[in-house]
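Starting from the known structure of chain Y, arrange chain D on it as the hints suggest.
Protein chains: 2
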Amino acid sequence: MRDMLGREDVIAIAEAQRRMVSHLVIKEPLSVSISIDRAYERVLSEDIHSPEDMPGFSRSTVDGFAVNSSDTFGATDSIPAYLTIIHEILMGEEPAFQLKKGTAAKIATGGMLPAGADAVIMLEHSQYLNAGLIEVFKPVAPGENVISASEDVKKSELIVKKGSVLRPQDIAALAGIGITAVRVYEKPKVSIIGTGDEIVPAESGRQPGQVRDMNSYSLAGFLIQYGGIPVKKGIFKDVYEEIRDVVQRALRDSDMVLITGGSSVGTKDMTAEIINSLGSPGVLFHGVALKPGKPTIGAVVDGVPVFGLPGHPAAVVVCFEIFILPILRMLTGRQEKETRDQRTIKARLARNISSSQGREEHVRVALEERDGEVWADPVLGKSGLIRTLVKADGTIVIPAQMRGIEEGESVEVKVY
Amino acid sequence: MRDMLGREDVIAIAEAQRRMVSHLVIKEPLSVSISIDRAYERVLSEDIHSPEDMPGFSRSTVDGFAVNSSDTFGATDSIPAYLTIIHEILMGEEPAFQLKKGTAAKIATGGMLPAGADAVIMLEHSQYLNAGLIEVFKPVAPGENVISASEDVKKSELIVKKGSVLRPQDIAALAGIGITAVRVYEKPKVSIIGTGDEIVPAESGRQPGQVRDMNSYSLAGFLIQYGGIPVKKGIFKDVYEEIRDVVQRALRDSDMVLITGGSSVGTKDMTAEIINSLGSPGVLFHGVALKPGKPTIGAVVDGVPVFGLPGHPAAVVVCFEIFILPILRMLTGRQEKETRDQRTIKARLARNISSSQGREEHVRVALEERDGEVWADPVLGKSGLIRTLVKADGTIVIPAQMRGIEEGESVEVKVY
Numbered sequence: 000m001r002d003m004l005g006r007e008d009v010i011a012i013a014e015a016q017r018r019m020v021s022h023l024v025i026k027e028p029l030s031v032s033i034s035i036d037r038a039y040e041r042v043l044s045e046d047i048h049s050p051e052d053m054p055g056f057s058r059s060t061v062d063g064f065a066v067n068s069s070d071t072f073g074a075t076d077s078i079p080a081y082l083t084i085i086h087e088i089l090m091g092e093e094p095a096f097q098l099k100k101g102t103a104a105k106i107a108t109g110g111m112l113p114a115g116a117d118a119v120i121m122l123e124h125s126q127y128l129n130a131g132l133i134e135v136f137k138p139v140a141p142g143e144n145v146i147s148a149s150e151d152v153k154k155s156e157l158i159v160k161k162g163s164v165l166r167p168q169d170i171a172a173l174a175g176i177g178i179t180a181v182r183v184y185e186k187p188k189v190s191i192i193g194t195g196d197e198i199v200p201a202e203s204g205r206q207p208g209q210v211r212d213m214n215s216y217s218l219a220g221f222l223i224q225y226g227g228i229p230v231k232k233g234i235f236k237d238v239y240e241e242i243r244d245v246v247q248r249a250l251r252d253s254d255m256v257l258i259t260g261g262s263s264v265g266t267k268d269m270t271a272e273i274i275n276s277l278g279s280p281g282v283l284f285h286g287v288a289l290k291p292g293k294p295t296i297g298a299v300v301d302g303v304p305v306f307g308l309p310g311h312p313a314a315v316v317v318c319f320e321i322f323i324l325p326i327l328r329m330l331t332g333r334q335e336k337e338t339r340d341q342r343t344i345k346a347r348l349a350r351n352i353s354s355s356q357g358r359e360e361h362v363r364v365a366l367e368e369r370d371g372e373v374w375a376d377p378v379l380g381k382s383g384l385i386r387t388l389v390k391a392d393g394t395i396v397i398p399a400q401m402r403g404i405e406e407g408e409s410v411e412v413k414v415y
Numbered sequence: 000m001r002d003m004l005g006r007e008d009v010i011a012i013a014e015a016q017r018r019m020v021s022h023l024v025i026k027e028p029l030s031v032s033i034s035i036d037r038a039y040e041r042v043l044s045e046d047i048h049s050p051e052d053m054p055g056f057s058r059s060t061v062d063g064f065a066v067n068s069s070d071t072f073g074a075t076d077s078i079p080a081y082l083t084i085i086h087e088i089l090m091g092e093e094p095a096f097q098l099k100k101g102t103a104a105k106i107a108t109g110g111m112l113p114a115g116a117d118a119v120i121m122l123e124h125s126q127y128l129n130a131g132l133i134e135v136f137k138p139v140a141p142g143e144n145v146i147s148a149s150e151d152v153k154k155s156e157l158i159v160k161k162g163s164v165l166r167p168q169d170i171a172a173l174a175g176i177g178i179t180a181v182r183v184y185e186k187p188k189v190s191i192i193g194t195g196d197e198i199v200p201a202e203s204g205r206q207p208g209q210v211r212d213m214n215s216y217s218l219a220g221f222l223i224q225y226g227g228i229p230v231k232k233g234i235f236k237d238v239y240e241e242i243r244d245v246v247q248r249a250l251r252d253s254d255m256v257l258i259t260g261g262s263s264v265g266t267k268d269m270t271a272e273i274i275n276s277l278g279s280p281g282v283l284f285h286g287v288a289l290k291p292g293k294p295t296i297g298a299v300v301d302g303v304p305v306f307g308l309p310g311h312p313a314a315v316v317v318c319f320e321i322f323i324l325p326i327l328r329m330l331t332g333r334q335e336k337e338t339r340d341q342r343t344i345k346a347r348l349a350r351n352i353s354s355s356q357g358r359e360e361h362v363r364v365a366l367e368e369r370d371g372e373v374w375a376d377p378v379l380g381k382s383g384l385i386r387t388l389v390k391a392d393g394t395i396v397i398p399a400q401m402r403g404i405e406e407g408e409s410v411e412v413k414v415y
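From first to last, the protein sequence lines stand for chains Y and D.
With numbering that gives the first Met the number 0 applied, the first sequence covers 0 to 415.
With numbering that gives the first Met the number 0 applied, the second sequence covers 0 to 415.
Hints are supplied without guarantee of correctness; some may be wrong.
No distinction is drawn between identical chains; accordingly, a pair holds when it is met within one copy or between any pair of copies.
[Unchecked claim] Straight-line Cα separation of at most 30 Å, DSS-like style, residue types lysine-lysine; simulated pairs:
(1) Lys161 to Lys413
(2) Lys161 to Lys390
(3) Lys413 to Lys231
(4) Lys137 to Lys345
(5) Lys161 to Lys188
(6) Lys26 to Lys100
(7) Lys345 to Lys161
(8) Lys345 to Lys390
(9) Lys231 to Lys390
(10) Lys290 to Lys345
(11) Lys105 to Lys293
(12) Lys413 to Lys345
(13) Lys390 to Lys26
(14) Lys236 to Lys154
(15) Lys137 to Lys290
(16) Lys290 to Lys153
(17) Lys153 to Lys413
(18) Lys160 to Lys100
Hint data in this document are derived by calculation from the structure and do not stem from the laboratory.
Being a predicted model, the structure only gives us computed values, none of them experimental.
Excised from the complex, chain Y in its bound form (with noise of 0.2 Å):
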């Protein structure tokens, strides 16, 4: 949308992403070595596969005997086959005979298959006549009740792809596997830059007229929660020679570049004025349909990534989800599945609420439990600096194209 002026107004949220995808530079991230045990939530830098078939023997899958399947063909409850127990398989142990017709081995879940045997028969279809012979009164197939050597996982499969975000599960596979030392990407440096006259540290003291920096603290704590690590450069005036000088150091020594606050007209467009100075394209947008948020700055200047982010917490929020995110799964080196993070509890909205047309909404909600149900409750108020910060459990997004949603709807909130 331009303005009567030729100016631009606000741009869609998916073009203002879409704009800076398509000007930044994302190298592969360096990678460094590390041991298993510290590499949980890591981003894997290399395909890993398997050096040896898994579990590299038949195994039991069930407590029983372990036979040879032929020998049990036939076998019912009136005329049950004989087996003459001829071992105990002992677990952990490789068994030093060979399985003869008409013989088995008594074998626990996990035991390893001797020679010659192809099958299990669980301990309940079996019964001693005395302690070296058995009947059996069910017939088992081949490969029944067994894992064979490589099942579970064949020599040199792909067990754990580059890009994956190591969980739990998967350090235990590539323990499984003999793997405990794997490449991970480095992570990615953010640099944090506050800027706003009024704004003094949390720890200063603090004068009528003033406010304590918040958003250093909230930016810092979603850019580690995704694999970043935050730089905070520190709280400067609206001075244009001072966050210049600070930026463009930024831009030499990060990944990302985050600058907050410049919440009045003028100070917005010199923190534009600033980045374009900087390097090329520069400013890509700046006024996005989104509430809170609107007046987010995104840029790219030489392939760097840059955002002016609006001084109120609650946009800041926001727009880390809606723009920086994106960006960070992107410099973090992920190449994960995206459905693994589109987490939300589904809950009832406890209250109409109203949307502008053309522009997405971010609604924070509290959740509360009633008679059973979930209860999305929005957290509304002009007073929004901190205690809707504290009280909400997540948003819910009203689309652009839609006016509201009524009391009682199903909504899905996202949860931060």
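Positioned in the frame of chain Y, the structure of chain D alone reads:
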């Protein structure tokens, strides 16, 4: 359920959980003071009240002019009000003057209102006649476009509750009220004891018949993820005295004890005997109506929770979620809304799955997107040691009273 000999068979999951909770002795954990920079995801051990009103001064929510609202009453496009501009209030500045009748001061979003002003006129509703005089076309009500001094937070108001897990936005709120160090609970220590004659450490060589330890890696990862400290005690052969000795030591120096392995019948009984020999009440259940995870042992020894987990890696993952996680939460001191954790993805089932009535079945699924819809495809196969662990994105639960779910039906997938 008891069998013909009066031995108890499997019990329902809810009953197993109830027995554990009724015998636990959960003490409030010790706490430690740390900087908010390091407090992300830690559990707050004190209620945090605001030491002051916030924002602490009357603050403009728009760019415009601070006025005495009564000066604007009755203003219209045709009969505007005229106000003399006496000052421009700078961001972060405490205005050192009193706004008199008939005057106004330029103010930006976030600026502090001067004494005598009670509202702010938006830039759009006014017009400069000259540098010192504006016309106002619309009246403002008292308080309009202003956040009053204590409107966001009142002094002494409860901001974050004891027992909360500190999210990035909670830390930001603490920064906002000037709290830069908080007391958090120390993390609970959870011992992991591997048992099984066939189990060898992941980093050592492996002979036929042996399998590498996987479960200590998945358990350690989940414990870290949910705020515990895993203490790996090592892997022990199925020797009564050795296992009893390490379990006894673990009971002394940890808040929960997890014993994995012991997949054969005799070994499971040994684990139960060892637990019973170490204190009371001892084993509370041994066998649950759950698949996978049926042979789980739940016990409390002099107040400390102890679990004997099946050796199967997939069962360990399910047991963690159902039995260990709820107790771990208590041990961490969390008093969170549970709803925050019940995250699922809605998907359609890609294949029929059947289930035995009478036990809750947890079916691992892989998620895939087709035509804009998410589908959950069951990850099947008896060879479930390694491959299904890495292939699965989450689980769906088939309740005990159901016989299965049909292809195409909508399911909720718990992602992990």
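Do the hints match the structure? See the list:
no.: 1; hint: Lys161 to Lys413; result: both (28 Å within a copy, 24 Å between copies)
no.: 2; hint: Lys161 to Lys390; result: between (39 Å within a copy, 14 Å between copies)
no.: 3; hint: Lys413 to Lys231; result: within (27 Å within a copy, 35 Å between copies)
no.: 4; hint: Lys137 to Lys345; result: neither (49 Å within a copy, 43 Å between copies)
no.: 5; hint: Lys161 to Lys188; result: within (21 Å within a copy, 33 Å between copies)
no.: 6; hint: Lys26 to Lys100; result: neither (63 Å within a copy, 61 Å between copies)
no.: 7; hint: Lys345 to Lys161; result: between (33 Å within a copy, 27 Å between copies)
no.: 8; hint: Lys345 to Lys390; result: both (18 Å within a copy, 26 Å between copies)
no.: 9; hint: Lys231 to Lys390; result: within (26 Å within a copy, 38 Å between copies)
no.: 10; hint: Lys290 to Lys345; result: both (22 Å within a copy, 26 Å between copies)
no.: 11; hint: Lys105 to Lys293; result: between (72 Å within a copy, 23 Å between copies)
no.: 12; hint: Lys413 to Lys345; result: both (9 Å within a copy, 13 Å between copies)
no.: 13; hint: Lys390 to Lys26; result: between (39 Å within a copy, 28 Å between copies)
no.: 14; hint: Lys236 to Lys154; result: between (60 Å within a copy, 28 Å between copies)
no.: 15; hint: Lys137 to Lys290; result: between (69 Å within a copy, 25 Å between copies)
no.: 16; hint: Lys290 to Lys153; result: between (52 Å within a copy, 26 Å between copies)
no.: 17; hint: Lys153 to Lys413; result: between (39 Å within a copy, 29 Å between copies)
no.: 18; hint: Lys160 to Lys100; result: neither (45 Å within a copy, 71 Å between copies)
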